[in-house]
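We have chain P; now place chain V onto it with these hints.
Spelled out, the chains give:
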Amino acid sequence: MNIHCLGINHRTAPIEVREKLWFSDAELPGVLASLKEGRMAECALVSTCNRTELYYVPAPGVTNGSPLWPTLAAKKNAAEAFRDEHFYSYSGMDAVRQLYRVVSGIDSMVLGDVQIINQVKEAFACAQANHCTGILLNRLYNTALHVGKRSRSETEIGEGAVSVSYAAAELASKIFEDLSRRTAMLIGAGETGKLTAKHLKGRNLGKMIFANRTRAHAEHLAEILGGVVVDFERFALELQGVDILISSVNSNTHVLTAPALRQAMKSRGNSPLFIIDIGVPRNIDPAANTIDNVFLHDIDGLNQIIDGNLSHRRAQTPKVERIINEEAAVFEQWHASLDVSPTIVELREAFEAIRSEEVGKHSHHFDPVTSEAVDMLTKRIINKILHAPMSNLKNGTGEHASDDTRTKVYFIRHLFGLDKRTHHENKD
Amino acid sequence: MHLLTAALQILLPILYFGTIWAYARAFFSSVKEAEAIKTPLLFGTIACHILYIVLRSVEYGHPPITSIFEILSLMSLTVALVYALIELKTKNTATGYFILIFPFFFQLLSSLFIRELGEIPPILRSNLLGFHVFSALFGYAAITISAVYGFLYLMLYHDIKSSHFSVIYKRLPNLEMLERMSFTATLSGFLLLTVAIIVGLIWLPRAIVDYSYTDPKLLGTVAIWCIYAVGLGAKQIAGWQGRRIMVLSVAGFAIALFSMSIVNMFFTGFHKFY
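Chains as they are written, first to last, in this note's numbering: chain P, 1067 to 1494; chain V, 335 to 608.
Pulled out of the complex, with its shape left as it was, chain P reads as follows (with noise of 0.2 Å):
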């Protein structure tokens, strides 16, 4: 199989290293258009934050010899800062199965990752998009997003927060049932802290306040993700209206007691108050915990469910092998039936078929001396209509048939229905 993969990631190379290849959207239609102009039949290339992987066709003739990443770092004038060990290749169906791994998440740097899917789609659609695919990978783009829509409907390779940030607006769906009436309270601006803001933001919240000590920097933050600003000696006052407190403070004793959150409880009837504290050290009393209706979460708190999520995720990677290997077997089925061979004879078979099936129905009008020469006469017929495109198909073909060969093959396969045909055979 003349597929072929070459690629560096974030296991084979630093961030420093992988940096120097990424490629931007503007980028990608002349790199792709330069690649296929030289030594490729088909390429599409997929570039993100932790792997730049090439998947390409040779073109006819070309062979795979010489590595290629020296090609690709040429594009980012940059061939200087790589060396071999940085980059991996794969070919046939390890290359197949290196697209099903990257696209269903388990290679990818947090298990489970569910923009790659995003960020594989855009790459071959960019690909397409510059007349850069051909039969091949266009077959592959599609097996592997099917590969990547089982693998998250099938398995729970991509459920559960795996960030901070996310467990904290996770929890706190699992406190609220419509976060759309809730107010949130932001004190601080650590980088987490802003981004569990956003998270919750994301997940519809009603209304986000922020309090820093350098009030420019809340009113910044208010001015980036919306929402009202209040002084940082007034946030425990305003915990009347807050339905989740989101601490981040460089402080070396707690912002906030238990004694005046229990008060603060009162004030507010006793409704949920959930409190992340992501400061370190501790911003936030951990006795609160103790008061009925406060759910308080540290560091440590949020870093167990990631623990948690994060093992179940690495628990579900053999179901996601297993349906890519299902997915490979398939893909591996439709390569072979562009070999020549089997494709004329499920031609003829075809054609066969037609043909008894419709003597079949009329040979009661004959006796059996003119039945047999109507039978004579029609596979006559059929054969010489199939001599001439059966020959040109044959001519030129050794053992395993040209690229060139393969395409004439898929468009007759395609033409009259014969991978239709053989999906309904194996399905009875």
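Just so you know, the hints here were simulated from the structure itself, not pulled from any lab data. Treat the hints with care, as some may be off.
[Stated by the list, open to error] Restricting the straight-line Cα-Cα distance to at most 27 Å, the calculated cross-link-like pairs of lysine-lysine (DSS-like) are:
#1 P:Lys1240 with P:Lys1273
#2 V:Lys495 with P:Lys1267
#3 P:Lys1240 with V:Lys495
Only chain V this time, still in chain P's reference frame:
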């Protein structure tokens, strides 16, 4: 017809078992096939159960309220029916296993021990009594469900508080929804019990000559009604919410169960017919 009734009597516990098995597989193991069949199985079981109740009523010429085992079958149906309505309304199917265990055991006991009484007292053939019993049963079914939701709330509350993220945390709906479901069930149960008490009080002087308002079961029911009235008042007027109101829901059900068991086992009165 007799054959069909007898067949359903055997089939119903099996159907309920199949239903809770599907709900359990879907909840604890996320089995997709179980997820797909559980709700149709529940509705099929309920349809069979309704058919069984109708056939039995037609066959014996009275509503199935003449023995404790007929009542258990009705109780089983009402809990399943109320749960099915909640599932339809909330579109949440995760809690079925915890609730449908009750109909399974009620129906199992009923199917094992149900016998037709030789002679039915005329008092048990009253339609007004039938209405009283049905509303009381639906009321008890609703407070049973309310207590189950209360219990699930407390389990999830504990999981979240203690950062213990078990399958309960992963599969159950959020705390607010559980509280809302429990409250809706409590309110429905309270209203139905109110109807049952009022209908009972109207029916009582007409049907029984030597009735007494100090009958233990009557007093027990009124006491349960008062507990729920106080609970609802605490929520609506005093603004109780969250864990405290859920504890009250579970405690109210425990007291109801306990007091009714004590009354049925140790006291006699006009309110005992079999």
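_Output the indices of the hints that this structure fails to meet, ascending._
none
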